[in-house]
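Residue numbers (my numbering), protein chains in the order written: chain P, 1 to 441; chain W, 1 to 448.
Some hints could be false.
Stated by the list, open to error - Derived EDC-like pairs: lysine to aspartate or glutamate, alpha-carbon spacing no greater than 16 Å straight-line: (1) 436(P) - 307(W); (2) 422(P) - 19(P); (3) 426(W) - 321(P); (4) 415(P) - 348(W).
Hints listed in this document are in silico derivations from the structure and should not be mistaken for laboratory results.
Listed below are the residues making up each chain.
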Amino acid sequence: MKRLAFVLLASLPLLAGPEDTFLIRGATVHPVASAEIADASVLVRDGKIVGVGRNLAAPKGIRVIEGKGLHVYPGMIDSGTQMGLSEIGSTRESVDTGELGKYDPQLRAEIAINPASEHIPVTRANGISSVISLPMAIGGDGGGRRGGAPPSVIAGQAALVHLDGWTWEEMDIKKSAGVAMRIPTILSLGGRLGADLPSGPDGGRGGFTEAKKNYENELRELREFFEQARRYQKAKAANQPGFHPDLKMEAMLPVLEGQEPLLIQAARERAIRDAVQLADQQKVRVILADPKELGKMGPELKARNIPAILGPTLALPLRDDDPYDAAYTLPDQFFKAGVKFAFGSFDNEFSRNLPYQAATAVAFGLPHDEALKAVTLNAAQIWGVSDRMGSIEEGKWADLMITDGDPLEARTQVKQLFIKGKNVDLDNKQRRLYEKYLARP
Amino acid sequence: MKRLLAGCVLAASALAAPPILIQNATVLTVTKGTLTGSILIRDGKIAEVGEKITAPADAKIVDATGQFVMPGIIDCHSHIAADSINEGSVSVSAMVGIEDVLNPDDIAIYRAVAGGVTTANILHGSANSIGGKCTVVKLRWGKDAHEMIFEGARPGIKFALGENPKRAGNPSGQRIGAANVNARYPATRMGVEDVIREAFTEAKAYQQSWKDYNDKVARGEPAPAPRRDLKLEPLVEVLEGKRFVHAHCYRADEILMLLRVADEFGFKIRTLQHVLEGYKVAKEIAAHGAGASTFSDWWSYKLEAFDAIPYNAALMTRKGVLVSLNSDSDELIRHLNDEAAKTMKYGELSETEALSLITINPAKQLAIDNRVGSIEVGKDADLAIFDRHPLSNFAKVEKVYIDGELYFDRANDLAERPGHENEKKKLLDKEKEQQRRTAPGPARRPAA
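So here's chain W without its partners, still in its complex pose (with noise of 0.2 Å):
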């Protein structure tokens, strides 16, 4: 009972944080149009959104006079804070999940949360055709790797197609069979499918036992349970619609074949991600009903890559699929603002739909625009407020909240460098001291 009292007690002390109200602010909601004016924060929700809004007596006042407020931005295709992605032994390794190698310490966090991303789908590399589980974390830096899990996002899982995983299977990019060449299968794109589909025959067979095993029992007829089969697992949950398919893919014939694969077996690609020659085959994406992921502007790093273009996110949202922008990458995942921006440039998407492509149409991809990707009453106050309008490549992030709590605040990270200057230099001349008083004689040296 004291245990309980306790936290209750703890609960509502979390609970009366003081609401926050930012004014003064052209509020992008993404959702429900623009307009300068208040957003009330309580209990780490928006509460209001309005013109004007009574400040609550206990209200802490954020004053963004010039500023512009946007959802927190998300990127559905991140592995910031995964400390390792790829496990590059076999093509199927739907067993690993990224779950349990989160890394909550990973500076990455915190730079991506000073570009104005509040969520990310992190996910396995691409070098197997079906490479493991992936997690949709909030960017929760400070908290341990469970307080960063996004509660109730579905899990997903990653594929990947084309070049990258039949390059694992054929690394030197020699002739299949040649010396030196540690080959695996698949070292094609027949190869890739093949895996896929060999894949969910197994799955289907697994699932089928399980269903027998279960029939056995519920007439209450004795029967031994099939044994547990992890790698097969997920992918039950896949034709079970448990678990979204996030594909990575480059060419339209892979592309197509993906869309075909799960036709067969009956389940939904989720998202293809990069998809860059997506819109040679939008139709059939928007058909299918798979969101497309990609990257703004990037070409020519790879054969696969020859015939991406920059109007690849424009020309698919016209055609009719659900479209994001994604980062895959460190460095990228900080300016995703100046990413949609091009959309503009290349292909004319309006300012709302340029903003669309990295909150609400993420959101939707990951199934979680109940909770995140517009400022909408109600919605997890996953906030970013930028100096200038954040499709502008002369704007910066100044504050960022999730879940209505400060995460970023420039003035503060400005404020705190001297602190943490002084600091290091503390820690490097301790460690000088400690090497002087160790160390017997001047010739001393660390092992090698």
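The shape of chain P in the complex, shown without the other chains (with noise of 0.2 Å):
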């Protein structure tokens, strides 16, 4: 009998066609790009949607979803994790988010995803189906996170991927979505509960004398990479005897020449202004990392397009004299300002947190439709991707989620994700437990 019910499930995708080939039917799409619309129907065929919209007829023999009641909306894209490189932040053996060495580009985030992380399911389990994955301690907590190495200045290639995958080049969306980096600064944000330590080798033990001189000694040592970076793309180009390839170099080049963006990690408004000073000197695209105030840089980035990457909204005032509520108006100061962003968590453990980060902006400013293009649309756009992804519309991918209610908020449930037309599974780890122990004796 048992027998007969697997036959008959695995004959099933031959009835109703391939499985990343459905039609949803009769829900509340969501499609971000444009207005939402009510009793509506996603067509998927391979794995991408061609067509959205009223009155779609069900070509015939397709697998049907009925979506009564419920919303589709994309799925969400976390643009800042370290997913998949680190596991259990204390312990070092499962951490592999920051190596030695000061400059290294050519580091590659990807390869290094664990596709089998049980961070993956649990994330995905809210409605997030893909994510930036990115080297060193950005926005940690340092030491366990960065696999205790010191800070580098440059600490390699994030990827863009999917929440699914059996290896990660089943998950891989983009290797090299931006080169990771952190502007050097005389104030690290790097105490406990974000408390400012002067930076510097020596942990800020040098004192505010020190950690200045460090900070004027790293942007001089910044400028000089990349004025080495040059001579090596012209010397290329010139193709004479005796040129020697040399990774680092060449993961600068497509840095140089606008492919690939520089993701800044900058805090304050003075690290903001460096990194635009940066973007202005050496002609390179950068998207901002975690800034946590925006001061006076709004018209600064507006002017140059500079994106940026808004780490969580729930978050303390950078000073005990800032307005209590500074952390959760930030994404509306950027939005009022003309600066494109999105969200990303900055973190594996609260990533499946990515939406309430939005709907906190959302009580303090930030319109709805805006807070939901700042986890979906916008953040494909800012990494190149929005042909792909990003929004409902046809020719994307069908990464989608149904849910029975708005995902920015908690009480909502993700029902169903679909990542490339194809129905995820929302188990993980942490339901199993659940199952296993509430069913104890």
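Two chains, each in its own frame: build the complex with the hints.
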């Protein structure tokens, strides 16, 4: 009997067409790129969206998913995680986020992503279908997550991946979505609870004078690194005898040529100004990572089309005398300044809470539509993949979630998630433990 | 006599604060259902709750149309306002107390109030097996340290199990006895149990020495009084049920260990804190009668948090454990309502059950539910007014009352910001001016 059931199940896809071909019918569809459509359908063929709207006829024999009372949204994108690179923050053996060395643009996060990480199904269960996975201790808590390495300046290449695949190769969307780095600073946010610390290789023990010297040294080194890369670029183009390939320099070429952005971690206004200056001096594309304030930099960012990946909205203000809601209102400040932004959790543990980061921004002024874009379409645009993902539009991948309500609300349940049209398993370690111990006699 | 009279006048004037009538609100009482109506506050207490309340002539009217009132949020595990929390040199530091290091100027207090929190249990850190005496406070921002203390709340003591106390024993994580390891017993979970059992063995003997002494005195026999031991006194209070144990723990094995040690020495664990694997031994926790105060969804930040599940609060609730959600964080304390909402997703608790996790349940765990934790006549007027349902992630706090006094008002906060900016600028200018005047030459720098 069991065997018969198995045969029936196995033959089911044959009857209903391939797994990544189906019609979701009668749902409220939120394309994000345009206004929501009530009682609408989404037609998916071979993993791609081929129709969106009302009165879509169901092609004969197609698998139909009834969406009455449910909502369809694009899968969410977390624009900053260390997914697959770090399993248990405090356990060095499970952390591969930061390599030794100060200038490592040649390092590729993607090849170190563990596709069997328990974080992946846990995160996916809340409707997050793809993430940026970053090298370095960005927004993290130092030591553990960095694997104990001192902070590098250029940490390596961030990868954009789907949260589904047997291997990292199958997860791949963009092997190098950007080169992750931090702008040198005098004060770092490395302290517990975000306290200020003078930065420097000595962990700030030398005080402000040492930190300032270190800051100036690092900025000079950084300029020299770029100059070296430009000389390499010229030498390579000249193709003269005696030219030797250099992997660090090779990795900088797409940045110099404007094909890849620099993802620059800059928390304070002063650091953001330095990052903008770097963009101007080196004529490179820049994406800001985890800025904690905007200050007067709005017009500067807007004029240069520099977008930002905003870190957790649920965060403490930088200074004791900042307004209590400083972090809550930051996304709205970016929106009002006309600076494009997406949200990143800069975390693995709380990546699944990405939509609530967006929701708090709404409570404190950000329009709801903009919050939704910041976890979907804006991210796709910033990472240069909006031709393939980020909204429910014809021609894009069917990265879709079906929910029973607004995904920005914690009480909403994600019912189904599709990645490239494939219905992915929402089960995970936590759900299994729950069921196991709920049943404990 | 004059002095007494002056005291009376003072008390009378404090009582003379006009009543406050909050009208047209959705009132989430937590224990008595939800209604649309009014709350009358008189003398710092909830005087009336109902659909229609006639406004007393002298009442201050607060219109809360479209808004939601819930009981002030209670955080059963916080370190705000604590100047220091770990006396890390010994693993039993029962002699130290939070009450001695309360800092009423900590800005985290105001920020927590702005998140709807009105009461918090302020605990020691988790470096020590037995950390120190903790204190329940009301977040009366602007009052001094003494006035923050929750009058009559039973004092507590912090215990800690697992990685934290054993890491303090072996901070480098290297082999015990390796070079540069400043070892301190305990360095394993075995040692943590032993430290607690040794401490209570001592405490029992100490308790007995006082009992013998008192018996002798009662019989009129001459006897020297035992020497007071400030480390053991709080543990004797635990044995006598006068002090609550709040125990930091993660793994199921260590939770069970502590319950059995408590059984052995004849005391109760009042709350298990964090208790991330509490769901695995919910039956045993419920049988012991311990409460559980956990995180909504923290996990994987360390090995002992790898089996943590966001269903923990719901599962323990279903198995009959009294559960609360805590923050343990200056940041998270500001949105415990969001954390409560997650239990509706993970484990499908009802709205009332979810709200209970941050109101009446922690009140019961701290035995202050006769005063706070729900909107009921006679309880303290500790209230948080939200612009939407507090279990919505789009909600924000508008007003917070503690003892009927307004401690947070978003409109006031916004209105005061330009003034604060000006004041700050003036102070900075003054400082610069001072520096110019005192500096003899441009080369002068402050001493390093």
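Requested in this report: Quick one: which hint numbers does this structure break? Sort them smallest to largest.
Outcome: none
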